[in-house]
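Undergrad: Given only the sequences and the hints, what does the whole structure look like? Please build it.
Each chain, written out:
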Amino acid sequence: MTTTELEQSASVPHAKPAPSRKTFGGVRIYDHVVLWFGVFLMMAPLVVAFTTSSFDHVLIHRQGMQFGWGDQFSQTYSTVLNQQGGFTGEVTGWLMTQNSFILGIGFAVGKIVISMLAAYAIVYFRFPFATLAFWIIFMTLLLPLEVRILPSYEVVQQLGLLNTYTGLILPLIASATGTFFFRQFFKSVPNELLEAARIDGANAWRFLIDILVPLSKTMMAAIFIIMFVVGWNQYLWPTLMTTDETYFTLVRGIKQVMQNMIGADIPKYNEALAMAMLAMIPPVAVILIFQRMFIKGLVEQEK
Amino acid sequence: MGIIAVFFLWPAAEAIRSSFFLEDPFFGNATFVGLDNYRVALTGSDYQRTAWFTAVFTVIVSLMSLALGLMLAVSADRVLRGKSTYKTLLMWVYAIAPPVAGLIGVMLFDQHIGPLVEFVALFGWEMRVGVNYWDTGIAMIIVSTWKQVPYCFIFFLSGLQSIPTSVKEAARVDCRSETRRFWTITFPLLAPTTFFLLILNITYAMFETFGTIDLIVKDQPGNSPVTLVYKVYRDGFRGNDLGGSSAQSVILMLIVLALTIAQFRLIERRVHYN
Numbered sequence: 221m222t223t224t225e226l227e228q229s230a231s232v233p234h235a236k237p238a239p240s241r242k243t244f245g246g247v248r249i250y251d252h253v254v255l256w257f258g259v260f261l262m263m264a265p266l267v268v269a270f271t272t273s274s275f276d277h278v279l280i281h282r283q284g285m286q287f288g289w290g291d292q293f294s295q296t297y298s299t300v301l302n303q304q305g306g307f308t309g310e311v312t313g314w315l316m317t318q319n320s321f322i323l324g325i326g327f328a329v330g331k332i333v334i335s336m337l338a339a340y341a342i343v344y345f346r347f348p349f350a351t352l353a354f355w356i357i358f359m360t361l362l363l364p365l366e367v368r369i370l371p372s373y374e375v376v377q378q379l380g381l382l383n384t385y386t387g388l389i390l391p392l393i394a395s396a397t398g399t400f401f402f403r404q405f406f407k408s409v410p411n412e413l414l415e416a417a418r419i420d421g422a423n424a425w426r427f428l429i430d431i432l433v434p435l436s437k438t439m440m441a442a443i444f445i446i447m448f449v450v451g452w453n454q455y456l457w458p459t460l461m462t463t464d465e466t467y468f469t470l471v472r473g474i475k476q477v478m479q480n481m482i483g484a485d486i487p488k489y490n491e492a493l494a495m496a497m498l499a500m501i502p503p504v505a506v507i508l509i510f511q512r513m514f515i516k517g518l519v520e521q522e523k
Numbered sequence: 002m003g004i005i006a007v008f009f010l011w012p013a014a015e016a017i018r019s020s021f022f023l024e025d026p027f028f029g030n031a032t033f034v035g036l037d038n039y040r041v042a043l044t045g046s047d048y049q050r051t052a053w054f055t056a057v058f059t060v061i062v063s064l065m066s067l068a069l070g071l072m073l074a075v076s077a078d079r080v081l082r083g084k085s086t087y088k089t090l091l092m093w094v095y096a097i098a099p100p101v102a103g104l105i106g107v108m109l110f111d112q113h114i115g116p117l118v119e120f121v122a123l124f125g126w127e128m129r130v131g132v133n134y135w136d137t138g139i140a141m142i143i144v145s146t147w148k149q150v151p152y153c154f155i156f157f158l159s160g161l162q163s164i165p166t167s168v169k170e171a172a173r174v175d176c177r178s179e180t181r182r183f184w185t186i187t188f189p190l191l192a193p194t195t196f197f198l199l200i201l202n203i204t205y206a207m208f209e210t211f212g213t214i215d216l217i218v219k220d221q222p223g224n225s226p227v228t229l230v231y232k233v234y235r236d237g238f239r240g241n242d243l244g245g246s247s248a249q250s251v252i253l254m255l256i257v258l259a260l261t262i263a264q265f266r267l268i269e270r271r272v273h274y275n
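Going down the list, the sequences are from chains A and B.
The numbering of the first sequence is this note's numbering, which starts it at 221 and goes up by one.
The numbering of the second sequence is this note's numbering, which starts it at 2 and goes up by one.
Treat the hints as calculated values from the structure; they're not laboratory data.
Cβ atoms here follow ideal geometry from the backbone N, Cα and C, with glycine treated the same way.
Do not rely on the hints blindly, as some may be mistaken.
To be verified - Covered, in the sense of this in silico footprint (three residues per stretch, anywhere, with C-beta under 8 Å from a C-beta of chain A), are these stretches of chain B:
| hint | segment |
| --- | --- |
| 1 | 93-102 |
| 2 | 206-216 |
To be verified - The calculated lysine-lysine pairs, modelled on PhoX-like cross-linking and capped at a C-alpha distance of 20 Å, are:
| hint | chain 1 | residue 1 | chain 2 | residue 2 |
| --- | --- | --- | --- | --- |
| 3 | A | Lys516 | B | Lys88 |
| 4 | A | Lys437 | A | Lys407 |
| 5 | A | Lys516 | A | Lys437 |
| 6 | B | Lys84 | B | Lys169 |
| 7 | A | Lys516 | A | Lys407 |
| 8 | B | Lys84 | A | Lys516 |
TA: This is the structure in structure tokens:
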């Protein structure tokens, strides 16, 4: 076969099809079976949890989780959103949702600002011991918060930041994950831009604001989406930090729900599941709406 | 420049200060005990049991989510119709918080109402999550794997899609067996992705599953299996054993450090290849 022939056969789809085992109208059954199986595994627990949350808790207790559609849907969800829940009765579902949004957005914005500035300093400034500083920062900050909960807790306690939004968000931001993204991106920005900016008399700050920030807009959006989901889903740190129930997030509230269930005669399964649904809807919605951007940003990590 | 230096140094200072505070329990306000905390931690039977469970848990969760993610990604890459629908349906579990996954898991494995318990009872397996050590462990493994599969799926799919068509065509001409083509051409091309995911999965299984585990043991671990991170939390905040908890933290930090170095070496090697 000559090269031209090969190219021709490559350009025409199915000109030389690989012999595949079971095809049905060109569609491979095996792959669809695998995918359907996967979709079932992924979705079934959520669907069951959702349908069960629309039933009365006594019925659930007697008959197990439900697969149909119950009549208690609006009642359950309005109870969860509006009822004075928790131990002191100061917190409602709405308030927790609000706190979750504050945490998610604050975390995402803070993370972008910090990691962008850090990456900017690393890429564009030559200061003494730059490499050393680089390694120290990455070594220390790559440690997940879970490992350094005790020291972090003590620092925040001594600063008097327990039960504040600042204390909730700041320690979570102090990690290097986002810096990698920006470092890689800044390195790919052509040096000519920097030179041109210098000739035009821009200082370091202007170069960052007027040139790098607009260039990295897509990047920032992608990171924002990922970080929003990560921030929203924080559990351990908010659990330790917030003893005041008015600062509870939805994800933190899940623990409260669980503790309430242990003591009860007939646990309120429906309300617990409704809470779980509320806690999962915003992050799921965000990644579904911005799917393309989200995947792009996520996969960037690897490079 | 000054502002940037402040922002640049602030996280570093924070980290260094944290590391001093870590030393505090055994160098500062407490009496100096040297390495006793480590010795107590490492030789304690409770710690060894926890470490053993953590190892089993981490290995199974990492490998199972890799395998399932790869299997689904390969199929999703091959189908022509409904590709984006499958992708959407398969990836959204990623956004669910670990404790939320844990809560749903608790319901599904509940003694009274859980359909999965009823299901395994058909095979004569009386599953008692929260009572039996390994039954609880298996529930944790299933929930944690379920939560991690979409992540692997996304990475594998994008890895598969970035393989140039010319390579695929060439492979198709050279080798007729699809299975062999996958193992000799596609899989080696995915090796960097696999390795990257493996490290991320290990980190996930060791640290981020805290929420799932906390919900499944219902905040009262008792005799249930827990991971090392959970033990740090329990000893430090519940048991008030600050020194012992800190020593355990340091051990975990060393593990993370090893993983980080592995990751860096991978990145450097890839740069080298390019």
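Undergrad: Now tell me, hint by hint, if it's right for this structure.
TA: Evaluation of the provided hints:
Check result for the segment 93-102 of chain B against chain A: holds, 9 residues qualifying (beta carbon to beta carbon below 8 Å, three or more required). With a cut-off of 8 Å between beta carbons, the segment 206-216 of chain B has 6 residues touching chain A; three or more are needed, and the interface restraint holds. Proximity of lysine 516 of chain A to lysine 88 of chain B is assessed by CA-CA distance (about 14 Å); at most 20 Å being required, the pair is judged to hold. As the CA atoms of lysine 437 of chain A and lysine 407 of chain A are separated by approximately 16 Å, the hinted pair is consistent with the 20 Å bound.
Between lysine 516 of chain A and lysine 437 of chain A the alpha-carbon distance is near 13 Å, which keeps this suggested pair within the 20 Å criterion. Between lysine 84 of chain B and lysine 169 of chain B the CA atoms are separated by roughly 19 Å; this keeps the pair inside 20 Å, and the hint holds. Under the criterion of a C-alpha separation no larger than 20 Å, the hint pairing lysine 516 of chain A with lysine 407 of chain A is consistent with the structure, at around 18 Å. Pair hint lysine 84 of chain B plus lysine 516 of chain A holds up; C-alpha atoms about 17 Å apart against a cutoff of 20 Å.
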